[in-house]
Amino acid sequence: MTITFTILSWTDLRAKIDFEREVRPILINKCINCHGGIKAKSGLNFTKKNTVFNKLNSGEIAVTAKSPLKSELFHRITSTDESDKMPPDKPLSQKEINTIKAWIKEGAIWPEHWAYSPLQKKAQNGSSIDEIIVAKLKEIGITQSKIANKRTLIRRLSLDLIGLPPSKIEINNFINDTSENAYEKLVQRLLESKHFGERWARHWLDSARYADSDGYEKDNIRPNAWIWRKWVIDTINNDMPFDQFTIEQISGDLKKNAKPSQVLATAFHRQTLYNREGGVDPEEDRTKRTIDRANTTALVWLGLSLECAQCHDHPYDSLTQKEFYQFYSFFNDMTESEIDYESDFLEKKSKVRVMKRKDRQTFIFHRGDFLQPMKEIKISSTTPSSLPQINADKSKEWDRIDLGNWLVNVNNPLSSRVLSNDIWTKLFGASLVQTKSDFGTRSTPPEQLYLLDHLAEKFNQLNWSRKKLIAYIVNSKTYKQSSIRRKETDEKDPDNHFYHRQNRFRIEGEIVRDIFLSSSGLIKHKIGGPSVFPPIPDGVAEQSFAGNFKWKTSQGDDRYRRGMYTFFKRTAPDPNLITFDCPDANVSITKRNISNNPIIALATLGNEVFHEAAQALAKRIIKNLPNDNDQDRIAEAFQLCTSRKSKPEETNELMTLLKKSRHFYAENKEEAKTVIGKYSIENIEAADLAPWVNVSRIILNLDETITRE
Amino acid sequence: MQANLRRDFLTSSASGIGGIALSHLLNQETFADAHVAKNSHFSPKTKNCIFIFMAGAPSQLDLFDYKPKLNELNGKKMDAELLKGKRFAFLQKESAVLMGSSRKFSQHGKSGMWFSDLVPNLAKCSDDICMIRSMHTDQFNHHPGQLQMQCGEAKFGIPSTGSWINYGLGSENQNLPGYIVLTAGRGSSGGATLWQNGFLPSNYAGVQFRNGDSPLLNLKNPNGIPIQLQKSGLETLRKLNEKHFSRTLDPEILSRIENYELAFRMQSAAPELVDLSNETSKTLENYGVNRQLPKEGGGRGKGNGNTYADFSRNCLLARRMVERGVRFVNIIHASWDHHSNLDPEISFNARMSDQPIAALINDLKERGLLDETLVVWAGEFGRTPLGENRPGRKANTGRDHHPNAFTVLMAGGGVRGGLTYGSTDEIGWNPEENPVHVNDFQATLLHLFGLDHEKLTYNHAGTQRRLTSITRKSRVIKDILT
Chain A
0 MTITFTILSW
10 TDLRAKIDFE
20 REVRPILINK
30 CINCHGGIKA
40 KSGLNFTKKN
50 TVFNKLNSGE
60 IAVTAKSPLK
70 SELFHRITST
80 DESDKMPPDK
90 PLSQKEINTI
100 KAWIKEGAIW
110 PEHWAYSPLQ
120 KKAQNGSSID
130 EIIVAKLKEI
140 GITQSKIANK
150 RTLIRRLSLD
160 LIGLPPSKIE
170 INNFINDTSE
180 NAYEKLVQRL
190 LESKHFGERW
200 ARHWLDSARY
210 ADSDGYEKDN
220 IRPNAWIWRK
230 WVIDTINNDM
240 PFDQFTIEQI
250 SGDLKKNAKP
260 SQVLATAFHR
270 QTLYNREGGV
280 DPEEDRTKRT
290 IDRANTTALV
300 WLGLSLECAQ
310 CHDHPYDSLT
320 QKEFYQFYSF
330 FNDMTESEID
340 YESDFLEKKS
350 KVRVMKRKDR
360 QTFIFHRGDF
370 LQPMKEIKIS
380 STTPSSLPQI
390 NADKSKEWDR
400 IDLGNWLVNV
410 NNPLSSRVLS
420 NDIWTKLFGA
430 SLVQTKSDFG
440 TRSTPPEQLY
450 LLDHLAEKFN
460 QLNWSRKKLI
470 AYIVNSKTYK
480 QSSIRRKETD
490 EKDPDNHFYH
500 RQNRFRIEGE
510 IVRDIFLSSS
520 GLIKHKIGGP
530 SVFPPIPDGV
540 AEQSFAGNFK
550 WKTSQGDDRY
560 RRGMYTFFKR
570 TAPDPNLITF
580 DCPDANVSIT
590 KRNISNNPII
600 ALATLGNEVF
610 HEAAQALAKR
620 IIKNLPNDND
630 QDRIAEAFQL
640 CTSRKSKPEE
650 TNELMTLLKK
660 SRHFYAENKE
670 EAKTVIGKYS
680 IENIEAADLA
690 PWVNVSRIIL
700 NLDETITRE
Chain B
0 MQANLRRDFL
10 TSSASGIGGI
20 ALSHLLNQET
30 FADAHVAKNS
40 HFSPKTKNCI
50 FIFMAGAPSQ
60 LDLFDYKPKL
70 NELNGKKMDA
80 ELLKGKRFAF
90 LQKESAVLMG
100 SSRKFSQHGK
110 SGMWFSDLVP
120 NLAKCSDDIC
130 MIRSMHTDQF
140 NHHPGQLQMQ
150 CGEAKFGIPS
160 TGSWINYGLG
170 SENQNLPGYI
180 VLTAGRGSSG
190 GATLWQNGFL
200 PSNYAGVQFR
210 NGDSPLLNLK
220 NPNGIPIQLQ
230 KSGLETLRKL
240 NEKHFSRTLD
250 PEILSRIENY
260 ELAFRMQSAA
270 PELVDLSNET
280 SKTLENYGVN
290 RQLPKEGGGR
300 GKGNGNTYAD
310 FSRNCLLARR
320 MVERGVRFVN
330 IIHASWDHHS
340 NLDPEISFNA
350 RMSDQPIAAL
360 INDLKERGLL
370 DETLVVWAGE
380 FGRTPLGENR
390 PGRKANTGRD
400 HHPNAFTVLM
410 AGGGVRGGLT
420 YGSTDEIGWN
430 PEENPVHVND
440 FQATLLHLFG
450 LDHEKLTYNH
460 AGTQRRLTSI
470 TRKSRVIKDI
480 LT
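Chains A and B supply the protein sequences, listed in that same order. No gaps in the numbering here: position 564 of the first sequence is 563 in numbering that gives the first Met the number 0, and each next residue is one more. No gaps in the numbering here: position 474 of the second sequence is 473 in numbering that gives the first Met the number 0, and each next residue is one more.
So here's chain B without its partners, still in its complex pose:
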């Protein structure tokens, strides 16, 4: 919003008024500082977001989108009309047959929302969950799909959702990054591009915490440097860096200045943030922070370490972060790409994530934080009702990429709990009612923060860029708002 102002302002003040005036002006409200809370376009419904990104594309058909007809048609070919012009990564369309789900589905909560037996704990939260079953995207490969889900389009060098929101609103907490990334298990195919700042200044990029039980290092000053000297030292550092900015005009220096100041504030705020010792043993148990990896089956993408414990800790850390005003927390877990061996693999991942995510929703609710915190559960696309077949394969044990239809969960933060929105046809092939494009979902997410996706823009190379594609007319899904 203030971007042009900011840039013009900086370059003119840098070349005109000079460094000293600049350092003074840096503190003015007109400056689009990442750590200054800014006004939204209209009254917001949520303040924070915990975006749990299940990279690799979880099978909606085995988790949320119950299709009894698909089970009936198991092994049968599907209507050729539906296949016309459809894209797949692996599937042989001509010979493919439908594959029912081996999961047991049942209805939960006041609304009778459907969940499979893979997510019994999430099912218990159904009255708080809004389930969108009619999502669709343009991308059918992982990295492009992940980019579209996080950044609006499948492009490098463009900002992610968390960057846009922090750019638009600033931070509620001066002492922690406004955008924190927590990962567990093997990295996603998108890697750091999923929390990129793109053309926004680099202090809007997500800050990745370490995996495991020491998420942040080097928080203490070296012995013999008391806080007041740290403070005077950083004051000097800021002035010198500003002087150098006025000579080079490199915005990376401005980001570095902000990062040093934030680092200083984190020194007091972060130890307490990552210290779980004050959490009750009940809380730790609810989240499953001390769980061991199961011995049997699954987990081919688990990477090094104990993914179960790491994922649980990340969910708990996310609550602690939003409690302290961190605007956007991205919890990323890869390895939902189940082309084969679907049953044991998805069970492994579901057991890993079901308990801690449900614990998170309940915990936020008990603390009165769910109203102002949006929790999102999403992958980059869905999986096919067709079994993945390949010449020479004995049996179909997995599903292929399916950009046409998938399911996303939202909870809290101004969305209607107990609402199942949109539907797919009887086999889960295409959205039937109320299709929601990824960009519509993003427009809605911004709307919940009080931001108009067409107004939250930044001028880059002469174009007003935004999170949603500028060539597509995206809409806010008003029906799901409280």
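Looking at chain A on its own, in the form it has when it is part of the complex:
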């Protein structure tokens, strides 16, 4: 009786049990180890809906909608009989039992997994980003933040869209442009900048685990890998629709009369590590590369971690080992190849490594062991059955072209969600889905599911135009909000899951370099081209395992190229990248970590590359303002680094430092010469220039300089 009473009050209080948030977690945490993907005991598998509502091996039915008493599940979780009760070890809590009972009574609604089900388009939830955000904020009782000031906006947009800080002229033009659409014009200009392709290509290179060497012990270099990188930059600049972008990279080689650029696109899957050690079984390594290709594709386009299914059925997603190998089979027909490539940007025909077709029969490997193919089961390429089944002509054998088409089919809600969430994440520093790399059945639906679905639909409507979706997002008020924290939101939205403000975060390692080089005027812009070798600390290149590698520091312009062009040697990467959380290129990454630690401070204070920027910045402000006073020069340096004017009290602090520095260098002329390095100015004493180096390096080290606000 007590139980009934509890249930009544429970259901009174709650309108409807939310299956995803309340019931599925119980099943996943308490039941699926025996009734899941690996072991479906008694035929019951809580990752497969049909086993729950149909007759089991025993003839019983686990769940009969509206009738707990006709539901074996309910009997078992409430049973006191040792041989019947479930789970056998630890019974469910009373609250969990109540939830399941109430859920069954209400009709046992079992929606498809949120990420696999069709996009939700409910008008009442709003028809724009802002409407959806505001509606949700209203529910929790907080308001949006005000729009950020113009300097913050242009810096934010510049960093997000092209990865470079705005120049003084660009800032002034924007501030002085009082027209109604000044902001939209700025967005358009940045989208048309050739640097847009660089910025967004780098995001894609993370997904593609791009590097300039093979990895593993030998780690041989890949001298022409950059040609594919250039293809990515150009393609993004030309705004190739994402569906085409996908299909060419997955299956460009299979196209009839494929253009060379379409074959080049397949180098996406040429980026895997390659083990050339003597003792390696080539077939074993090929299998590993193929598995990596399957895993990478699933992660990037489907937000799924398939790895575990290579050895066994997925423990909590309804993905069987067989299905893994059916997916793997798409990539099993790929083999490494080379083509002669010609292009405007190449002086002569160059060999580029790409992928081409080679027929192979796929088998399931026991425990993922390539030596144990299960020859009795024939595997053909197909997509997992739990994922959206769309327009699939499964009467014929599928190949990679079909896979590409399926991934970006407008009716595939999963990839639309994953890909639009990816773009959102780059523009807010936060993913709409908490587990960005897991959209599988264990993932909880995002707080902002309608927003995610709205973006996914928009991406489709905009014909997969990356630029248009970015424009749509950055033109929203939600994007334009200030990132300043508000005390009153601490309790209700401390982690900004509801986007009551913009986020403020440190920018990526490559962009840290780009900001230092831009502020100091050192940066040399050339789009694309072979990777370059900026200075790195002694001893780093020698770490490369085989010791087969010399880092020949670039001279001339190539010393000052953007961070994305730094040669990436997998076994000895540039520490200026790794320190700032750039990925190691061993596996695909779709969201970077952002660490904040003393190692980072030591780098920007002491590293040769960053110090050279301080020397050059000092020279630059004195050259720019030959007759000006100290305050103006400080203001100039401050603006070059942070895109804003220093406030009087900030200038004063820096003046104090300037004076102290002057005092020191006046008495230590040799130190002055040393600190300015090669950045001396004719007719200016080293002791007059040196204090500016010290001031410049402090401005370059401001939190604000390496932060996007």
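With a straight-line cut-off of 27 Å between C-alpha atoms, the simulated DSS-like cross-links for lysine-lysine are:
1. A/40 to B/83
2. A/321 to B/92
3. A/48 to A/89
4. A/40 to A/69
5. B/92 to A/47
6. A/622 to A/646
7. B/83 to A/29
8. A/435 to A/287
9. A/94 to B/472
10. B/83 to A/89
11. B/230 to A/646
12. A/40 to A/94
With the C-beta cut set under 10 Å, the calculated list includes, among others, these residues of chain B facing chain A:
13. 208
14. 220
15. 235
For the record, the hints were derived by calculation from the structure and aren't laboratory data. In this text, all values refer to a predicted model and were calculated from it rather than measured experimentally. Backbone N, C-alpha and C fix where the C-beta goes; we use that ideal spot for every residue, glycine too.
Chain B: place on chain A using the hints.
For chain B alone, coordinates are given in the frame of chain A:
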């Protein structure tokens, strides 16, 4: 403890008093600074911890938990009752058979503690070791299991043990990070989430040193910047960053301020820390710092580089760190996930780690540091007494994940040496005596530091969060304390 105070304090002072007052107040004792030593809840037994995390789940049955009965039953099916409701990643329960250990076990030390022949050097330290054989966890997959072992629960965005302890106690050394992470070999599946700060300020995150013989770069000032100018420069930097904090209220700025100041202090302290040239050749040899990788067999997860030398160097560096007051050192080594090919693979890893860890314990002891340093040897769960079987496999050569029972070693730092605590049933399936849940282990670890796991809390989104799960009643294992 001071978290709410800190946050309220900062936001009110930032909006009210303004930047200059704030910069002054930042130095006050009330401020929960990562580098201010703070009081524990009660008298602590240890000051530091070296947590050696063997990620991937080492087989306790081939290292520590001696089961002669299991050897007898080799090839036999096990009692079906025991299998009821149990979870596995790979194993086919219906057809699985028990697999004995091919290792030779023997008793060591005054207490007669059992060790296998894989760890002869650790065995010699048995009088200093407390072996808990009755550990169990809730997670049976690696990343969730590793998160639970390091962070209390299998969740992202929550603080790791090292973060909690530094948050609770601050650092004994103003000049080095209070929480340092050293890795060798291939990365673990948990990666940086294993030393995450979660909702605590980001300067409580573990600071990862580089692998290899130059663990820290950029320690020197650029030429021509003397220390006094570095100092004035950083003073200016702090003031400007504080002003900006007062405008944005972004706690990341506070972390950055602390990190710059710490970086400055590290410039004098760290070169000496990582310079092994003053270590005697005997010490280097004991730890095996100059070892080569063995030519034969094993090591599929070794990654790039010389894992043997790296692991040895990490153990030696860990001693040097605690000597200098680093509160928590995490040595992480992955690749103990031996589903197949168990014998050669575990031998490879055991040879890599046995000598340097024993050297570490002995070295700490000789220097009188073992009393105040807790050394932990742990994986995220154990491995099954059943051989891992799969349709079509010729022989069982490995073991599956086993969350029900595994072994953890502790030494020094207020735990009883020569004590074997808890036991498992005759085949090592379930804990029999004194089961210890991961959260109990963590409550005990905090207790050794003088911290009450129910009182070391932080308010996040309206909930008082802590290292141990708030829904579980965890207990301190008093029996193992000195």
